[in-house]
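There are 2 protein chains.
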Amino acid sequence: MKSYNLIKPEIRIIGLDDTSFIPHSKGKIGVIGVVFRGGYWLEDLMKTEITIDGFDATENISSMIINSPHYQQLQLIMLNGIMFGGFNIVNMKQLSLTTKLPILSVIRKKPVFSSIQKALRNFPNFKERWKAILDAGKIIETTARNSKSKIYFQAIGISEKDAQKIIRLTSTMSNIPEVLRVAHIVASGIGSI
Amino acid sequence: MKSYNLIKPEIRIIGLDDTSFIPHSKGKIGVIGVVFRGGYWLEDLMKTEITIDGFDATENISSMIINSPHYQQLQLIMLNGIMFGGFNIVNMKQLSLTTKLPILSVIRKKPVFSSIQKALRNFPNFKERWKAILDAGKIIETTARNSKSKIYFQAIGISEKDAQKIIRLTSTMSNIPEVLRVAHIVASGIGSI
Numbered sequence: 001m002k003s004y005n006l007i008k009p010e011i012r013i014i015g016l017d018d019t020s021f022i023p024h025s026k027g028k029i030g031v032i033g034v035v036f037r038g039g040y041w042l043e044d045l046m047k048t049e050i051t052i053d054g055f056d057a058t059e060n061i062s063s064m065i066i067n068s069p070h071y072q073q074l075q076l077i078m079l080n081g082i083m084f085g086g087f088n089i090v091n092m093k094q095l096s097l098t099t100k101l102p103i104l105s106v107i108r109k110k111p112v113f114s115s116i117q118k119a120l121r122n123f124p125n126f127k128e129r130w131k132a133i134l135d136a137g138k139i140i141e142t143t144a145r146n147s148k149s150k151i152y153f154q155a156i157g158i159s160e161k162d163a164q165k166i167i168r169l170t171s172t173m174s175n176i177p178e179v180l181r182v183a184h185i186v187a188s189g190i191g192s193i
Numbered sequence: 194m195k196s197y198n199l200i201k202p203e204i205r206i207i208g209l210d211d212t213s214f215i216p217h218s219k220g221k222i223g224v225i226g227v228v229f230r231g232g233y234w235l236e237d238l239m240k241t242e243i244t245i246d247g248f249d250a251t252e253n254i255s256s257m258i259i260n261s262p263h264y265q266q267l268q269l270i271m272l273n274g275i276m277f278g279g280f281n282i283v284n285m286k287q288l289s290l291t292t293k294l295p296i297l298s299v300i301r302k303k304p305v306f307s308s309i310q311k312a313l314r315n316f317p318n319f320k321e322r323w324k325a326i327l328d329a330g331k332i333i334e335t336t337a338r339n340s341k342s343k344i345y346f347q348a349i350g351i352s353e354k355d356a357q358k359i360i361r362l363t364s365t366m367s368n369i370p371e372v373l374r375v376a377h378i379v380a381s382g383i384g385s386i
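For the record, the sequence lines run as chains A and B.
Start counting the first sequence at 1; every next residue gets the next number (my numbering).
Start counting the second sequence at 194; every next residue gets the next number (my numbering).
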């Protein structure tokens, strides 16, 4: 587990979100990686592609990050949930292992696991996908900028306490970390890949 | 000419830049429009397409802006130069007329007009393209964040003095307005459309 003796306000984070697509369509979609300094400013932006409802998100995101010129400076990966491009689930444990970075998934709503499990049973590699869901670990409730509005996170390779600190420190403009707010705006705004 | 009695630090600006492409290739490229509050934060992002070396940038950018949900709140359009997608030149006068907004083009280097004119002579509608160059008006030298490093701008529908004020006010992170720094990072980062 990464130990943060002191969390710098300008900690370098990559935040990830997927581009929009028509549900049940086939093909590829983009995943946008936004490099941010703390909750303050955009430093760079990168893109990779994954298969809609495929199972290549973990590998492709990992390659994009490892091959980025920012890799050595990155301190943390933040995900806007673990489901990208439909049911292309990111295995946070695996992603942390290959990138050697701690991972935080931050979500606004608690997922309904029974519905996800039901949907995943339609895929041939159900077990692997379900394992990715379980590997993300327990869902922890917290607050960020707005102390009355709950958000939720899952953390790999970073303590619950440090995760909460970083979420609060970087949620400068809204109730979610700025890197995820910006990744979402960019990924939605550019439309399909 | 738009008169700014008081320029708010959180003035709503749209900044435009084009996605990368291989020179002399054919087809379409993307133009990214980033909506920013002053020099501070990203509010939204939109995209349109233009033809490489075509002459549809003015019209397509104008449509994108007018049809945006932010249109009524926008105070200013900023361009990263007037040449998009090769020699697809934005006519600033025309764009200001159709959008009813002032336009600022901000560049780091003074263009070499003799080279541009020579290149434009290869296009059938040379006169129209050259008119778009002339319609952008005179190039004014200024400084932004770094008082030692010169930058240049062209302004339509806004006074030289107000333009300089807004450039300085919004260049919060680097030597160019933040909306253009971010538009450039996004447009370059997403690669081709």
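Quick caveat, the hints were computed from the structure, so don't treat them as lab data.
Do not take every clue at face value.
[To be verified] List time: in silico BS3-like cross-link candidates among lysine-lysine, alpha-carbon distance up to 27 Å:
| id | chain 1 | residue 1 | chain 2 | residue 2 |
| --- | --- | --- | --- | --- |
| 1 | A | K150 | A | K2 |
| 2 | B | K240 | A | K47 |
| 3 | A | K26 | B | K221 |
[As the list claims (entries may be wrong)] Label-pair distances were calculated between CB atoms; the ranges are:
| id | chain 1 | residue 1 | chain 2 | residue 2 | range |
| --- | --- | --- | --- | --- | --- |
| 4 | B | I333 | A | H70 | 33 to 39 Å |
| 5 | A | S63 | B | K219 | 54 to 60 Å |
| 6 | A | E49 | B | Y264 | 29 to 35 Å |
| 7 | A | P69 | B | K219 | 29 to 35 Å |
| 8 | A | N146 | B | S213 | 34 to 40 Å |
[As the list claims (entries may be wrong)] To give an idea of the interface, some chain B residues facing chain A are shown, with a C-beta separation under 10 Å as derived from the structure:
| id | residue |
| --- | --- |
| 9 | L235 |
| 10 | V379 |
| 11 | G382 |
Built from N, CA and C at the ideal position, the CB exists for glycine as well.
To see whether the hints hold, each was checked on the structure:
1. K150/A with K2/A: The given pair, whose Cα atoms are some 25 Å apart, holds under the 27 Å limit.
2. K240/B with K47/A: Given that 27 Å is the threshold and the Cα spacing comes to 16 Å, the pair holds.
3. K26/A with K221/B: Status holds; Cα separation ~23 Å.
4. I333/B with H70/A: 33 to 39 Å: holds, 36 Å
5. S63/A with K219/B: 54 to 60 Å: 30 Å Cβ-Cβ, so the 54 to 60 Å window is violated.
6. E49/A with Y264/B: 29 to 35 Å: holds, 32 Å
7. P69/A with K219/B: 29 to 35 Å: Once the Cβ atoms are compared, 30 Å apart, the range 29 to 35 Å for K219/B and P69/A holds.
8. N146/A with S213/B: 34 to 40 Å: Holds: the Cβ-Cβ distance is about 38 Å, inside 34 to 40 Å.
9. L235: holds, 6 Å
10. V379: holds, 5 Å
11. G382: Since the shortest Cβ distance to chain A is 3 Å, the answer is holds.
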